[in-house]
Amino acid sequence: MTTKLFGAKVPRVEDDRLLRGNGRYADDLMPGALESAVLRSPHAHARIVHIDVDAVLDCEGVHAVYTYEDLTGPMAAPLPLLIPHPALTHGRTQYALAKDEVNYVGEAIAFVVADDRYLAEDAIGKIKVDYEFLPPVVGIDNARKAERLVHDDVPGNIGARLEQNVGDAPAAIAAAPHRLELDLVIERSASTPMEGRAVVSRWDPDQARLQVWSSTQTSTGVRAAVAAQLGLDLGQVDVITPDVGGGFGVKINHPWPEELLVPLAAIALGRPVRFTEDRREHFISSAHERQQVQHIEVGFDDDGRLLGLDVEFWHDHGAYTPYGLIVPIITSTQLLGPYKPDNYRVVFESLYTNTVIVTPYRGAGRPQGVYAMERTMDAIAAYLKKDRTEIRATNFIQPDEFPYDHQLVFQDGRPLVYDSGDYPALLEKIKALVGWDEFEQFRTEMAAEGRRVGLGLACYVEGTGVGPYEGAHVQIETSGNVKVATGLTSQGQGHQTVFAQLVADVLGCSFEDIEIVTGDTRRMPYAVGTFASRAAVMSGSAIHLAATRAREKALRIAADALEADAADLEIVDGIVSVKGTTGPTISLGTLAVLSNPLRYAFDEVSKAATQFSVGRPEKPPVAEDDEPGLEGRDFYSPERSTFASGMHAVIVETDPDTAEIKILKYAVVHDCGHLINPMIVEGQIHGGVAQGVGGALYERMVYDESGQLLNASFMDFLMPYVTEVPESIDIDHLETPSPLNPLGIKGAGEAGVIPSAAVFAAAIEDAEGFPITTMPISPSELFELRRRHSVVEPTHAVVELVETTTPEEDSP
Amino acid sequence: MSEELHEVRLVVNGATYDVTVPGRRLLSDALRHDLRLTGTHVGCEHGVCGSCTVLVDGTPMRSCLMLAVSAVDAEITTVEGLALADGSLSPVQQAFKDCHGLQCGFCTPGFLTTITAGIRDNPQPTREEAREMIAGNLCRCTGYQNIVKAVERAAELTSAPRRSSSVETPPGEHL
Ligand code: FES
Ligand code: FES
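If you read the sequences in order, they're chains A and B.
According to our numbering, the first sequence is numbered sequentially starting from -15.
According to our numbering, the second sequence is numbered sequentially starting from 183.
Just so you know, the hints here were simulated from the structure itself, not pulled from any lab data.
Keeping only pairs whose Cα atoms sit at most 27 Å apart, straight-line, the calculated DSSO-like set for lysine-lysine is:
(1) A/LYS537 <-> A/LYS563
(2) A/LYS324 <-> A/LYS415
(3) B/LYS331 <-> A/LYS(-7)
(4) A/LYS467 <-> A/LYS591
(5) A/LYS415 <-> A/LYS369
(6) A/LYS646 <-> B/LYS331
Hey, can you work out the whole structure from these sequences and the hints?
Shown next as structure tokens:
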């Protein structure tokens, strides 16, 4: 009996190749390709008066230099605004190469192609640009003040303002027995994959065909963009995603200027051209995320039930808006988490600053939303002097309330309706896992040793598997090998493994015989991309459906061949037989032969399919509603997203003298429906938690007032090493299946990072006894906060809220 | 004015390569682009991430901080040279596979070379020493949890008689 692979910790098929150094990342491909470098603006805001490239023209080894002047047709237009939204009234995108003006340090101005990167960088150094400086706008406060504008024609620096209302939150708050206000800040961080962006392209003049390999999260997106901008037919462009050294969101944005300039140069020069970003370029010219300023007003009853929640926030989207409003829309909707306030109002302004663009980074706006909501929950608990879990439990959507309609519009333009979940059960699990009820005892013991500890909790709900669709093609070859293609891309999630698990289960073939190809538009031209924890849900479901079609066809042919009823057949180890009998059998490979009626035999196996061997003379060889080949193709397009959920808890110790913050315990409970491969899901959580620790305690993008990014290197941007992450991460799962897809799964990719800012703020606040309202937080900032609050002895039960929260008159 | 070129003999994974490079060519670029040993990865080019780590006469070195011309006379080992003579994965490589110690695989070659030298010098590391061993390498995917386990597993595989290795043990056991 073939054992079911769904749910098993199947080792990854990707590993062997990667462990031997045989991975193929974009910079590894196409030996001998010309290399390129980009002249980037050293100024945050300036008008370009003149560019002089003369000195470059006769540099040895230089093949081409481009500035805006050299771009024509669609290439001379601004880059596409990928996700328009009616509220984005003032959307702006940059040009592939700056035209007249630069709006952030790092914006591309000129592009040089040379024999190698060294020579290209030499040439870049020789280009002279005259600038007329303009005053930069840096930071949300300056953007809001709007004393200076990023774009002359965008008043108030406001790209968009979006408001959503459920009921009448301001009125409900005004009438509520208790009210609080919070002002919160969260700073910038970034995806920072270990491999930066990279693209290599080749023009084949014999076939008039362009091939592009890009380190991207969407090969079909890049393909469409390249075709459109270079004026080619879609059918002339192949985009192939090779191994990708991590994405975490940043590589979903496209087309990057380089993704267009490289193919442009490859066509013009008739030679392969490559661009590989260096680390500094990744910091200053890819994308960041997270920065928001939030103002929250909340009204609640004596039990802490949310009567009205009114959230206003300001989102820094950088100099341009290629990715539309996705991040702030997610913040504004996913903020609600597992809770159901009676009345909710949310309004945000998405603001321009002279900094690099903001596009999704793992979590994509959810960490900010969870931070707002969970800080509010903690503030209510402190105010009412109640246990923090109790306030949360009071506000949970209950298991019998699904599907739960929040009456809001989600990031996909569809209603925000949660499909399933069990938040009370998750809460019980996290309390047990972190030792919630025993914590006061632990605190007392630690205090006796002169040590200060705090416990934090944060809950989240994550919309995963967003549409519109993904597709899959499954082909059983005459050898019995199974070739599967799906269009979305892989950046280390183990898709080859989990997708093969799904196919093996459906086809009853051996796992080893299955090959999965992702992100190759030649194999599957219809696809969206890998983001929003959607790969397993979307492509997993599509692959399951496509494999089911292939199975049905196999059984249909087998039923004919074995003269049996298809319903009585089973497939075990790639062999079809009549269940419970020892009679004749037929292999999947042979069925593949039979599925393709042949005129010519080219080997022993194919003889079985030639015209004098198969078919009935009274019927056409291929039936009217059939096709040759043993294949299945299908698409999965759900009505809406499926909502995963989880809770994290952390125990921290803060050093009474140095304010150093140490993690003593980190616990995660997580519900992503059925787990295809628990080993891979846990790996995703580990990675997310580490990024979350970075984002909460170490990482931030430090811009000075002139718009220079001061820490654009791994020396100064403190990405966690092993020494910064918890020694262990305790994980427990709940499996509430999604009713929306055939496998009952939900996405898991972002879960590890979503609640981090909230959970660390909560734990540090609990340890210190004063509110934590700005994240990330460093030891020196904590030290400074202590000084300001001059807390001699922290009082744990009561959190002082005076500075940031204003309890208004408290009706008896 | 064209650059001065140097003829350099590099010994990598036991094979000898003669290359002609400018004085400023980084060892990482020479390995990747001149020798086509692209398993060595470049994550920062400023010596912080450790992705480009290779063994130079057995010592882990960041190949992005070395010039190719300064690597003459040295025995260099890259990730491509780690597998055993019979083609099977080395204990460190096998341990990464057993423990799900890699996701995107970009940082992995630097960890593998570093740990190979680490286990050689300290065949029985404690948990603390295992963490210490990898404390100079960045990984953005794994959160290091399973890499630490892989160090311990590699030590186990190295000290255990070879054939009792991982093959029979279900990988789940090590997670
Ligand atoms: S690339 Fe050499 S240390 Fe990062
Ligand atoms: S596995 Fe991706 S960076 Fe380490």
